[in-house]
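J.: Each chain, letter by letter, is given below.
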Amino acid sequence: MSEKVLMKGNEAFSEAAIRGGCRYYFGYPITPQNEIPEYMSRELPKHGGSFIQAESEICAINMAYGAAAAGGRVFITSSSPGIALMQEGLSFLASAEVPTVVMNVSRCGPGIGGIQPGQADYFQATRGGGNGDYRIPVFAPASLQEGVDLVFEAMELSDKWRNPFFIFTDGILGQMMEPVKLPEKLPDIKREDIKKHKPWALTGYGENDAERNTVISLRIQPDVLEKHVHKLFEKYERAEKELCRVESFGLEDADVVIVAYGIVARIAKEAIEILAEQGIKVGLIRPISLWPFPYNEFKKLSRNTKVVISAELSMGQLIEDVKLGVGERFPVRLVGRTGGMIPSSLEIAERTKKILEEIGG
Amino acid sequence: MGAPKMFFAGSGGQGILLMGQMIGAAAMLEGKEATFFPSYGPEMRGGTANCTVIVSDKPISSPLIFESDCVVAMTLPSMHKFEQTLKPGGLLMLNTSLIRHAPKRNDINVIEVPVTELANELGNSRVANIIMLGAFIRATNVVSPENIEKIIHDVFSGQRSALLELNLKAFNFWQQ
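Quick note, the sequences are listed as chains S and C, same order.
Throughout the first sequence, residue numbering follows my numbering, covering 40 to 400 in sequence.
Throughout the second sequence, residue numbering follows my numbering, covering 412 to 587 in sequence.
Don't read these hints as lab results, they were simulated from the structure.
Since this is a predicted model, take the numbers as computed values, not measurements.
Certain hints may be false.
Ranges between beta-carbon positions, derived for each pair [to be verified]:
no., chain 1, residue 1, chain 2, residue 2, range
1, C, 576, S, 68, 36 to 42 Å
2, S, 398, C, 499, 31 to 37 Å
3, S, 397, C, 568, 57 to 63 Å
4, S, 85, C, 580, 34 to 40 Å
5, S, 68, C, 580, 37 to 43 Å
6, C, 424, S, 95, 49 to 55 Å
7, S, 335, C, 570, 54 to 60 Å
8, S, 246, C, 568, 53 to 59 Å
9, S, 43, C, 552, 21 to 27 Å
Below, computed lysine-lysine pairings styled on BS3-like, alpha-carbon distance capped at 30 Å [what the hints assert, rightly or not]:
no., chain 1, residue 1, chain 2, residue 2
10, S, 393, S, 338
11, C, 561, S, 220
12, S, 220, C, 443
13, C, 561, S, 224
14, S, 43, C, 443
15, S, 229, S, 85
16, S, 224, C, 443
17, S, 220, C, 469
18, C, 443, C, 515
19, C, 561, S, 393
20, S, 339, C, 469
21, C, 469, S, 320
22, S, 320, C, 498
23, S, 43, C, 580
24, S, 224, C, 498
25, S, 220, S, 43
26, S, 266, S, 199
27, S, 43, C, 561
28, S, 43, C, 469
29, S, 224, S, 85
30, C, 443, S, 392
31, S, 43, S, 224
32, S, 85, C, 469
33, C, 561, S, 392
Note that CB positions come from ideal geometry on N, CA and C, so glycine has one too.
So here's chain S without its partners, still in its complex pose (with noise of 0.2 Å):
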């Protein structure tokens, strides 16, 4: 394995797609990230790929829909309000089945918005904010490392699945740089190969060829597209039981749970020093996907919680997940900021004791 460099969060994730078979990027630029546009012109056609600026985020989601289609390996990029412009090209990739790797470097909203970190995109990237019923993967890193980890991941699973996958990552982790481990390149995959690995692409119709290839996500008749969604479900079904991923400690005794996924987690963490430095117990859990969320990890929770907050960049969307996984066993409550503000550690752990406080603790 190569050694640690000291990289951009932009960078290092524009190169764990590389590593991870990316050959094509279309994008359009936008602020916390564009250094990945700059750095996919610069590198992407050294190993044999393509960059195109885009004339719009709409544009980009349709030509990777298009490249991807035709069996490449797809990674593209944008911040809150371009995501937004993507949305009815992923409800198309969903239900088309075409793999592509979309990152959100978010900022604040709604709206044009701020260009600060923010994560009141949780619904949008958890709920689809295309029309349908369709689901897509979301990782949502909290480190530069675990960033890189599963971005290059992705770039596998993407393919495995058929299946567009999100990682939705922040403004902070986008500009901040940490020594990170790159993964080992893949080896590349030759144009006539891709038949091979990808049988459903559109690689051309040949001689030999029993059937044509077709994607479309146009099926005019209603018992053909019902059908064709149970089997979305199938495979969404099978998605929630294999790519659940959740990180987690002190939940055996805690009196506090906080749940918190990116960099709100890693502030989390300094706050539960602070806490546990008064004599507060406090447990953290911090869903890695998003969906599928990590419900189960709920179920560890022990019988002297008294309550479980909900941390993040926004005015209460995680808190929905984290409800649904509590149920009516523990107060759950929001500790939240927005606008492109972030609390401190000190913050959080304020009002975590003002909460307990409240709640006869």
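Let chain S serve as the given structure and place chain C on it in line with the hints.
T.: Chain C in isolation, oriented as in the chain S frame:
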């Protein structure tokens, strides 16, 4: 300082982010954990620039700093903005070529370095950041000077190699 939390602050074009990145890279050479997080926004040359750097023997939970051990201020507004984040007994390093006012805090250690003047003595005002970096490393030992020199060799290689000697000299220029 177990895991020193540092702010580097000044204005765009002063090489603020490079100071932070070099410390992060040197820490990595020493097998330590490091994070670097730059302020980002609609910023440009002459606007504000700052970054956080944390160096630790253990995994670093958050790259954000709300209470700092060290602040390096290269301009007056950056001193005003960041001196309040220092813990009592923390270190404030000031570019006194540009900062003519005393800090408000009196419970901290202050080291004054007229880096712009020193850089002019070396014949290039652009190495002010590297002179400050040299002063900072000698004052804190957060990473070893030898490892910063290795990073300077990396940064000023290839097309930039003409600037190597000047930067090595700048890094070793400040004597307390």
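J.: Hinted pair, alpha-carbon criterion (30 Å max): residue 561(C), residue 220(S). Please report holds or violated.
T.: At roughly 20 Å apart (the allowed maximum being 30 Å), residue 220(S) and residue 561(C) satisfy the hint.
J.: Taking the Cβ atom of residue 398(S) and the Cβ atom of residue 499(C), is their distance within the range 31 to 37 Å?
T.: holds (34 Å)
J.: Given the hint that residue 339(S) pairs with residue 469(C), does the C-alpha gap stay at or below 30 Å?
T.: holds (28 Å)
J.: With a cut-off of 30 Å on the C-alpha distance, tell me whether residue 443(C) and residue 392(S) pass.
T.: violated (33 Å)
J.: Taking only the CA atoms, is the gap from residue 85(S) to residue 469(C) under or equal to 30 Å?
T.: Given that 30 Å is the threshold and the Cα spacing comes to 37 Å, the pair is violated.
J.: Against the range 49 to 55 Å, how does the distance between the Cβ atoms of residue 424(C) and residue 95(S) compare: consistent or not?
T.: violated (33 Å)
J.: Can the suggested window of 54 to 60 Å be confirmed for the beta-carbon pair residue 335(S) and residue 570(C)?
T.: holds (55 Å)
J.: Given the hint that residue 266(S) pairs with residue 199(S), test it: the Cα-Cα distance must not exceed 30 Å.
T.: holds (21 Å)
J.: Going straight from one Cα to the other, do residue 43(S) and residue 224(S) come out at no more than 30 Å?
T.: Given that 30 Å is the threshold and the Cα spacing comes to 15 Å, the pair holds.
J.: With a cut-off of 30 Å on the C-alpha distance, tell me whether residue 43(S) and residue 469(C) pass.
T.: holds (16 Å)
J.: Could you grab the alpha-carbon distance between residue 561(C) and residue 224(S) and see if it respects the 30 Å cut-off?
T.: Holds. Residue 561(C) to residue 224(S) sits at ~28 Å (cutoff 30 Å).
J.: Quick one, are residue 43(S) and residue 443(C) close enough, alpha carbons at most 30 Å?
T.: Answer holds: residue 43(S) to residue 443(C) is near 11 Å, not above 30 Å.
Against the hints set out earlier in the document, violations occur for numbers 6, 18, 19, 24, 30, 32, 33.
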